[in-house]
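Asker: Take the given structure of chain A and dock chain B to it, following the hints.
Number of protein chains: 2
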Amino acid sequence: MEDLRNAAVENHSSILALPPVTEGHEPLDITVLASVRTVRNQKKRSFVELGDGSTIHSLQAVLEPSQCRGLTTGTSVEISGLWEACPTGKEQTHELKAREVKIVGGADPETYPIQKKYHSAEFLRTVPHLRLRTPFNALLARIRSRCDYHLTNYFHKQDFVRLHPPIITSSDCEGAGEVFTIDSKQPRATDLNKDAAVQKIANGFFRTPKYLTVSSQLHLEAFIHEHQKVWTLSPTFRAEQSDTPRHLSEFWMLETEIRTERLDEVMDLAENMIRSIVMDLQDSKLGVELLSAKRTRENGLHDGQDAGAEAIERRWRGLMSQPWPRITFREALQRLKDAVESNRAQFQYPPTQSTGLQLEHEKFLAGELGPVFVTDYPREAKPFYMLPSHQDSSLDLLEHSTVACFDLLLPEVCEVVGGSLREHRLQPLIAAMREQKVYKGTKSVVGASENDENPFALVDDLGSLEWFVDLRRYGSVPHGGFGLGFDRLLGYLAGVYNIRDMVAWPRYYQRCDC
Amino acid sequence: MEDLRNAAVENHSSILALPPVTEGHEPLDITVLASVRTVRNQKKRSFVELGDGSTIHSLQAVLEPSQCRGLTTGTSVEISGLWEACPTGKEQTHELKAREVKIVGGADPETYPIQKKYHSAEFLRTVPHLRLRTPFNALLARIRSRCDYHLTNYFHKQDFVRLHPPIITSSDCEGAGEVFTIDSKQPRATDLNKDAAVQKIANGFFRTPKYLTVSSQLHLEAFIHEHQKVWTLSPTFRAEQSDTPRHLSEFWMLETEIRTERLDEVMDLAENMIRSIVMDLQDSKLGVELLSAKRTRENGLHDGQDAGAEAIERRWRGLMSQPWPRITFREALQRLKDAVESNRAQFQYPPTQSTGLQLEHEKFLAGELGPVFVTDYPREAKPFYMLPSHQDSSLDLLEHSTVACFDLLLPEVCEVVGGSLREHRLQPLIAAMREQKVYKGTKSVVGASENDENPFALVDDLGSLEWFVDLRRYGSVPHGGFGLGFDRLLGYLAGVYNIRDMVAWPRYYQRCDC
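Residue numbers (my numbering), protein chains in the order written: chain A, -9 to 504; chain B, -9 to 504.
Honestly, the hints are just simulated from the structure, not real lab data. Where hints are given, some of them may not hold.
One copy or two, it doesn't matter: identical chains are merged, so the pair holds either way.
[Claimed, not checked] Pairs of lysine-lysine residues, derived as DSS-like cross-links and limited to a Cα-Cα distance of at most 30 Å, are as follows:
hint	residue 1	residue 2
1	Lys219	Lys92
2	Lys327	Lys275
3	Lys219	Lys87
4	Lys275	Lys80
5	Lys147	Lys427
6	Lys275	Lys147
7	Lys92	Lys353
8	Lys427	Lys33
9	Lys219	Lys147
10	Lys34	Lys80
11	Lys87	Lys275
12	Lys219	Lys372
13	Lys275	Lys33
14	Lys353	Lys147
15	Lys80	Lys33
16	Lys34	Lys275
Nothing here was measured: the structure is a model prediction, and the numbers come from that model.
Bound-form chain A, shown alone (with noise of 0.2 Å):
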């Protein structure tokens, strides 16, 4: 039974897998199941180009006229023949001479929306269920789910531990702008009664309003304190109504703490494991198909701003050189100074300490520096959970003060990565959340100077962040973490221009098909 059972799978063949015969030889006999991409008529025979998501790359079949009847563009298919090599000299080295031809699932051509002719990315999003079966979307899962795979050993060999944290979560104030809010079911808008309404939000599922996690870094901090690295690649949400090529409403984020008392060890992290998948990349199939990928509509290529292979190589050569400069926030605005004064560069911002780094800043620098870290941003640009750049007073709050964070910018794309060390001092911590006001208590908050004579003084009342305020209360250690933005390291890896097309289902302000 068990030998049927394989016989029976190792009979059809994914095209990926199609040994090659040399031309004289023995033609093999094989079955395939795929679709059809295109179908070309002659006289006396017609040309099926065949793709199964094992590779951009089509197969050809050659059918009798009479054999393609129902065979149009995304039409399932399952075809038996000989696979032998073509004479020199034509486009393709093999093709399948049909035997039999099966349809499994026809596609009616009058009303399938994904023909051979031109398409928007715009109206492609518009059939993200259809879009995922282009050869070039098809490809991008599948380098998607081999950075999964990369990552998972990386992490594993150097014995991370890795996490799957919470998307429902009680805090809505770690900085990170709009977040979802959830409930149990609502009334719909139309049988909606205004008190149905108002009772709904107030007795909640879980007692108090809970949002979807805007970032998983909190939670994994408490993993810290018992394991000395973690990591972990989930979902993160952010109700921001922007509108660019850079924000999604729904992303996989990649996050890490390590213990650690060097800022300078979290870059090293984060760059050594971005080196790392860009070298299992280069050296797979998938990075040569990548390469080798027509970029036409027919493949679902989506935007004329999508790099190319050449720029998709400068890429890659860009990340693989060694080190990454790492400049300071201070420096930084330095360089864009001296560019605007020596007219190299024009800026719609002056560079300046208030203004932070705009994305045409980064954008400058990243262009002449390739990846870099900017270091040490200063303190009331960064969220309250950041460790000062220097510690001599413990409670540091001086205006001109910096936190000991990074973020790492990428040509083009710029911010990829934003990290820091984070403040594991029970005192600073509380300070920094007052002067941020995170916590909404309504209570006066006590034990946050400097003078307690106890220095595990409780406070009052910390709101939905008290627990994480006990991280640093309770056996408390040094360390720092980075969260990276996945979908758009692969969208810059694969040279896809919007982040909306990098993943199969993009989902941002007034957009959520399916």
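Answerer: Using the frame of chain A, we list chain B on its own:
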């Protein structure tokens, strides 16, 4: 620089990685970063049990009483000293003679919630951010991580593509019970104005109501046209108010879809995959630790009903036996009736076709048979998307027809996997949707009849599932798959009775801490 870095890291050893030192040989000079589990003071020396997340087992450090100042349960310390063999006859084989003790982070013994004393499972759930530090919970995190790693490689070797399906979806009607709705930030109950609440719901962030996914199956199915085999491990949500040890509102589900026409092939995949996890666990240090772990309150044992080493080994042996029986629902019913008749069992609900399999029935079956697949349930008990067991008539909707599905029942915990072949034919799918009223279109449904001249005729309004029907309209292929409750399986393998204790941050009705 690089060398110095590595040296600094290697200077610290994880407890798990400490090498044995033979009695009489030179002791090793080591430094450990760990947290204090317990302190036992004697007159001349103190014994400190240390843990660091790498293993459930403690390292015993021997300190001068003067070195113990500030060392209480939960304190983070860095201790350097000599790692030497103990004289034979002592409980532990090695101990660390402390030379230097540095407190990294204190833990106020007055308020630290997790002391060496009795903690109820319910109490521990109120402090999930600290519960995860207990030795047994740290072990659970490592087992989860290991399983994710193992599965990643298991599926990769078999050419599966790993997907990241969407969490926010448009469909609320997969028959999986109550759903969570999402929207951008709502006004708080306190500052709520009725008109604002209504407005908020009417003009949502995504224009129409959106939900947290109850299963990624439908989205996974979309990939089957192009890819042959896909899988995902991702978060899933149910807004059910069930208060049982088997349910969470947020849980991770492992889901697969493969191209196949045979239900047996889907069951083979589930069976082989679970068996491979058990094999990996058995062969790993983690598995050995799990069996040797003392199930004590201090270790973070949760519940008197957790399984001990013997029971866990019995479960693993049960899963390693092969093949697991596969019986139909009809056979299952007959077995239950026979058991009642022969007085081998008593049930609250008499087993009949219409009541289906209640938990008590599942328990009995899995208790008698071990892991068992029950297949071919009555059509009316299952969701619309399942393929009929027999497809003689393309619209076989007879009352007593069954569908090609299975539930995998494990002893004690019962259903862990549910799977089926999917209805891949257009007209029968639409008919089943009509029958189960899963679409909410206002227009009349056309094209759903067997007698339509054009088999691709568009149906007016299939609501939020129009895209799912498209998959059958264009190049459909026979396929099937399953969903596995990842947390439930882990709990079974690790002997954790209540699923709320298997995940670090459990979410369930009225509870969502941190």
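Asker: Taking the hints in turn, state whether each one holds.
Answerer: These are the hints, each one checked on the structure:
1. Taking CA atoms no more than 30 Å apart as the test, Lys219 paired with Lys92 passes between copies only; the shortest distance there is 21 Å, against 53 Å inside one copy.
2. Taking the shortest Cα distances, Lys327 and Lys275 never come within 30 Å of each other, neither inside one copy (44 Å) nor across copies (57 Å).
3. For a Cα distance limit of 30 Å, the shortest separation of Lys219 from Lys87 across copies, 26 Å, qualifies, whereas the shortest one inside one copy, 55 Å, does not.
4. Taking CA atoms no more than 30 Å apart as the test, Lys275 paired with Lys80 passes inside one copy only; the shortest distance there is 23 Å, against 57 Å between copies.
5. Taking identical chains as interchangeable, the C-alpha atoms of Lys147 and Lys427 are never at most 30 Å apart, the minima being 41 Å within one chain and 50 Å between chains.
6. In the homo-oligomer, the alpha carbons of Lys275 and Lys147 lie at most 30 Å apart both inside one protomer (23 Å) and across protomers (15 Å), since each shortest distance falls under that limit.
7. In this assembly of identical chains, Lys92 and Lys353 lie within 30 Å of each other by CA distance neither inside one copy nor across copies; the values are 53 Å within and 45 Å between.
8. Taking CA atoms no more than 30 Å apart as the test, Lys427 paired with Lys33 passes in neither setting, with 77 Å inside one copy and 49 Å between copies.
9. Proximity of Lys219 to Lys147 under the C-alpha cut-off of 30 Å is found in both arrangements, the shortest distances being 12 Å within a copy and 27 Å between copies.
10. Within a single copy, Lys34 and Lys80 get their C-alpha atoms as close as 18 Å, which meets the 30 Å cut-off; across copies the closest is 89 Å, which misses it.
11. Proximity of Lys87 to Lys275 under the C-alpha cut-off of 30 Å is restricted to the intra-copy arrangement: shortest distance 26 Å within a copy versus 54 Å between copies.
12. For the identical chains of this complex, Lys219 and Lys372 are intra-copy neighbours only, at 24 Å inside a copy versus 43 Å across copies, given an alpha-carbon limit of 30 Å.
13. For a Cα distance limit of 30 Å, the shortest separation of Lys275 from Lys33 qualifies neither inside one copy, at 37 Å, nor across copies, at 67 Å.
14. Proximity of Lys353 to Lys147 under the C-alpha cut-off of 30 Å is found in neither arrangement, the shortest distances being 34 Å within a copy and 40 Å between copies.
15. Proximity of Lys80 and Lys33 under a CA criterion of 30 Å is satisfied intra-copy only: 19 Å inside one chain copy versus 90 Å between copies.
16. For a Cα distance limit of 30 Å, the shortest separation of Lys34 from Lys275 qualifies neither inside one copy, at 36 Å, nor across copies, at 66 Å.
The structure is inconsistent with the numbered hints 2, 5, 7, 8, 13, 14 and 16, although it conforms to all the rest.
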